[in-house]
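There are 2 protein chains.
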Amino acid sequence: MSDLEYIFHPKSIAIIGAKSQPLSATNYFFLNPLIDFGYEGNIYPVNPKASEISGLKAYPSILDIPGPVDHVTCGIRADLTPQLMRECVAKGVKVVHLYTSGFSETGREKGISLEKEIIKIARQGNIRVLGPNCLGIYCPTSKISFKSSFPKDGGNVGFLCQSGGNSIDIVELGNARGVRFNKVVSFGNASDINEAEILEHFTGDPEIKIIVGYMEGTRDGNRLIKALQKAAKIKPLIILKGGITEAGTQAVASHTGSLAGSNVVWESLFRQLGVTQVNDMDELIDLVLLFQHSMPPQGRKIGIIGSSGGSSVLLTDICEKENLTIPPFPDEVKSKLREILSEEADPGTTMRNPVDLASSTPNPTIFSPILKTIADYNGVDLILIYINVSFGWDNGTNVLATMQTESLIETTRELDKPVAVVVRHTGIPESSTFAFGIQESLLQAGIPVFPSFDRASRALDRFVRYYEAKQHRK
Amino acid sequence: MSDLEYIFHPKSIAIIGAKSQPLSATNYFFLNPLIDFGYEGNIYPVNPKASEISGLKAYPSILDIPGPVDHVTCGIRADLTPQLMRECVAKGVKVVHLYTSGFSETGREKGISLEKEIIKIARQGNIRVLGPNCLGIYCPTSKISFKSSFPKDGGNVGFLCQSGGNSIDIVELGNARGVRFNKVVSFGNASDINEAEILEHFTGDPEIKIIVGYMEGTRDGNRLIKALQKAAKIKPLIILKGGITEAGTQAVASHTGSLAGSNVVWESLFRQLGVTQVNDMDELIDLVLLFQHSMPPQGRKIGIIGSSGGSSVLLTDICEKENLTIPPFPDEVKSKLREILSEEADPGTTMRNPVDLASSTPNPTIFSPILKTIADYNGVDLILIYINVSFGWDNGTNVLATMQTESLIETTRELDKPVAVVVRHTGIPESSTFAFGIQESLLQAGIPVFPSFDRASRALDRFVRYYEAKQHRK
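Sequence lines, in order, name chains Y and C.
For the first sequence, counting from 1, position 345 maps to 345 in this note's numbering; every step adds exactly one.
For the second sequence, counting from 1, position 106 maps to 106 in this note's numbering; every step adds exactly one.
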């Protein structure tokens with residue numbers, strides 16, 4: 001295991017710049033979450049103007065703290081940080097995380113030299129530095145977080161993120177979709193602990209099964225390439241690269257001071273190394289869902305259970321655009337389906353693939369045998385099911401969709417192929433809240449749910465492509 | 001004005017196959033909506049086995065109805081329809097809408113000849129036929145609808161749709177996004193009244209300002225091309241074409257029996273004719289929103305007000321991928337912005353474009369002057385603003401986002417450039433419900449709202465492209 005494991009398990013944390021106003025940024029992101037998560041080590045607010053903060057004894061400086069301090073989170077002004085670093089050396093601190101910004105990301109000489117000075121002092125005292133210009137660590141098993149509302153239960157995803165804001169967004173998007181994280185590191189300017197080292201650690205961390213990252217650039221390309229290559233060999237590795245266009249590169253420069261580099265280079269590099277590159281945060285979470293829940297697919301032939309004729313046409317188009325194959329069902333499968341549907345099938349029901357249940361769906365008992373029939377057909381590798389919350393909606397609820405969901409959960413347990421579900425709603429709050437409930441039930445049963453045809457088919461394509469490439473590399 | 005106007009204003013409607021069970025499909029789609037919308041003409045349920053249905057006197061056959069019948073909606077079995085058509089001729093009915101399926105879309109000889117027979121009888125009696133295999137007409141000003149929950153207020157969008165299911169989905173998606181329709185025609189197999197004729201009518205209809213369509217194929221390509229060309233010259237015309245892939249073409253064949261044709265042909269045709277082609281239902285509504293609310297843009301240079309550094313990087317990448325230009329603000333604009341932000345700006349604030357407000361946003365009074373400064377800069381044609389509901393979220397609400405929204409509404413009134421807003425939430429119901437409320441306020445003020453960076457930037461690109469092409473055709 002990499003040397004970094006200890007940074008996720010400090011026995012004591014000092015928050016430099018904690019304030020008496022509970023809504024200050026430093027409290028909001030660091031002090032309050034430790035309290036709200038029930039962090040079990042010692043918490044030391046440091047502020048020369050306060051004697052007590054949020055019910056905890058405050059200290060004028062880190063040197064006044066009686067016991068040892070493993071981890072320091074710094075929220076004070078950039079020009080005050082060299083003095084703090086010297087005190088941290090004196091105190092024997094192990095890790096300093098700098099939330100403070102105003103360093104190399106400003107592009108100005110002053111900030112750049114300040115960052116160099118900080119690192120120089122840190123090295124003298126064997127201190128590891130996280131940041132500056134970042135939110136640091138979220139590790140639910142250690143009860144450390146940078147937002148109080150993050151999930152308190154952990155998962156199997158390791159997430160390294162160059163942007164603080166994006167790290168919050170991705171954890172929250174994941175939370176709503178049933179994705180839970182084991183360790184998240186927002187690393188900002190990466191002046192000491194950088195993306196490559198975190199990646200190396202996640203690669204060796206047995207608690208982490210899937211690695212995701214948001215990266216803007218790197219200062220140590222060689223080490224990063226080696227780290228990406230090793231990680232991708234062992235675990236699914238999904239990267240959202242910020243700064244892939246010319247304007248985006250400029251935005252990166254003023255955000256974390258990184259050199260974003262050419263996207264063509266990054267894209268071909270990622271492809272060669274087996275890294276799955278995604279286009280946005282939604283796509284990142286979509287793909288994690290599949291890796292988290294689904295067994296490896298045997299191929300890209302997809303069987304679809306649709307809801308209506310028109311939506312089945314659109315779903316077919318979108319799946320094919322994403323290079324999934326929609327094989328027409330052979331006669332033997334079609335006749336089995338026709339048998340199941342016999343009593344119910346209205347003339348609008350198609351059995352070709354997609355099976356378009358149309359007005360047959362009001363009888364949910366047929367849903368399970370239809371799903372089984374398709375799953376049993378060996379010409380299909382993946383199954384996609386479309387639930388439209390609007391169809392059968394009645395007075396704020398949808399008995400049909402609920403029964404379909406139950407039947408789906410029951411039947412999917414017995415299947416040996418990946419199953420994904422698209423749940424769509426009208427966009428009105430009561431419809432979206434209902435859809436969220438269905439999604440929760442499906443996710444709890446380990447069935448990944450997507451909000452639209454294109455997001456589902458794109459994720460399935462990338463998921464299949466991962467295993468195809470892996471096979472190819474063997 | 002085209003001859004079709006009368007089909008939207010029947011004085012009496014007979015529903016053939018209405019049942020005593022209120023949840024039968026024919027009641028659900030046709031009888032109940034007329035009652036729920038308060039249709040002011042005569043409603044005649046026709047069913048030989050009932051004397052009263054939903055409080056209305058029922059008749060054994062259409063010939064037993066005392067007064068004239070303008071419009072017939074048919075929900076009985078396909079094999080019974082020729083007899084019905086003969087009765088409609090005898091009764092002097094003007095329009096027969098066949099919800100019934102089992103005709104040419106089955107691909108079977110029996111259905112194909114049945115459809116021909118129906119049309120032959122209709123022609124003998126000067127009856128116009130809508131369908132078969134469709135949901136017919138939604139025209140809120142005439143209080144006619146095929147779903148009770150559709151909005152009762154009308155708008156300025158005309159929508160022709162070959163699929164019944166997709167027509168419901170699109171009206172409902174539009175409803176949640178503030179899009180209101182003037183006339184919707186679900187036309188199914190298009191055996192008589194077809195997409196070209198509806199399009200011709202919408203083109204001349206002064207109440208319709210924007211035309212949208214879902215089309216799978218056509219049986220009269222020449223007429224359709226002329227209709228598309230004429231419509232696109234006069235009004236924004238947005239088409240979602242179903243069956244654009246090989247598998248999609250097959251799905252179309254079994255859905256509405258249309259020949260979908262080659263997508264390459266359709267794509268180049270649409271481009272030549274000035275028709276905007278979209279990829280899915282969401283994109284269709286996204287674009288309608290812009291045409292509905294925004295003034296024509298002068299170009300594709302975009303000014304962005306972002307929320308955090310990382311999201312601004314992603315937003316920049318996505319805008320540039322969609323061929324929008326993100327010009328760096330010149331020094332004069334940057335120094336104005338710096339002046340406004342002076343007191344508030346933390347070192348993470350970037351003023352380059354995107355203006356990344358970062359932690360400056362807690363002061364909402366700066367929002368309006370920032371927006372004005374960017375709008376005043378003549379190097380920018382469009383403005384995109386990002387509101388992240390999660391940023392500033394506190395106990396089920398977000399005072400910051402609410403204040404930003406108010407300020408945005410107030411300021412946008414004075415601007416002479418299109419403004420679009422991305423409102424993102426975490427996906428948790430209370431967050432999405434709050435975001436929906438913000439969206440409602442913005443839409444009521446005529447400001448279009450999008451749920452993600454890619455959807456906003458794609459819609460803006462297509463919107464600009466429409467005016468570029470129009471300019472080019474002049």
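Since the hints were made in silico from the structure, they are not lab data.
Take the hints with a grain of salt, since some may be wrong.
Where chains are identical, the list cannot tell them apart; a pair therefore holds if satisfied intra-copy or between any two copies.
List time: in silico DSS-like cross-link candidates among lysine-lysine, alpha-carbon distance up to 25 Å [stated by the list, open to error]:
#1 230 - 334
#2 474 - 110
#3 230 - 94
#4 143 - 120
#5 372 - 116
#6 321 - 235
#7 11 - 235
#8 116 - 11
#9 334 - 110
#10 321 - 233
#11 110 - 336
#12 49 - 230
#13 233 - 11
#14 470 - 336
#15 91 - 230
#16 143 - 110
#17 417 - 336
#18 116 - 321
#19 57 - 120
#20 209 - 49
#21 334 - 235
We went through each hint and held it up to the structure:
no.	hint	result
1	230 - 334	neither (46 Å within a copy, 44 Å between copies)
2	474 - 110	neither (50 Å within a copy, 55 Å between copies)
3	230 - 94	neither (27 Å within a copy, 73 Å between copies)
4	143 - 120	neither (31 Å within a copy, 76 Å between copies)
5	372 - 116	neither (62 Å within a copy, 39 Å between copies)
6	321 - 235	neither (28 Å within a copy, 30 Å between copies)
7	11 - 235	neither (30 Å within a copy, 67 Å between copies)
8	116 - 11	neither (28 Å within a copy, 82 Å between copies)
9	334 - 110	between (72 Å within a copy, 20 Å between copies)
10	321 - 233	neither (28 Å within a copy, 30 Å between copies)
11	110 - 336	between (74 Å within a copy, 23 Å between copies)
12	49 - 230	neither (49 Å within a copy, 74 Å between copies)
13	233 - 11	neither (34 Å within a copy, 71 Å between copies)
14	470 - 336	neither (36 Å within a copy, 53 Å between copies)
15	91 - 230	neither (37 Å within a copy, 79 Å between copies)
16	143 - 110	neither (36 Å within a copy, 69 Å between copies)
17	417 - 336	within (19 Å within a copy, 59 Å between copies)
18	116 - 321	neither (49 Å within a copy, 36 Å between copies)
19	57 - 120	neither (31 Å within a copy, 91 Å between copies)
20	209 - 49	neither (45 Å within a copy, 64 Å between copies)
21	334 - 235	neither (39 Å within a copy, 45 Å between copies)
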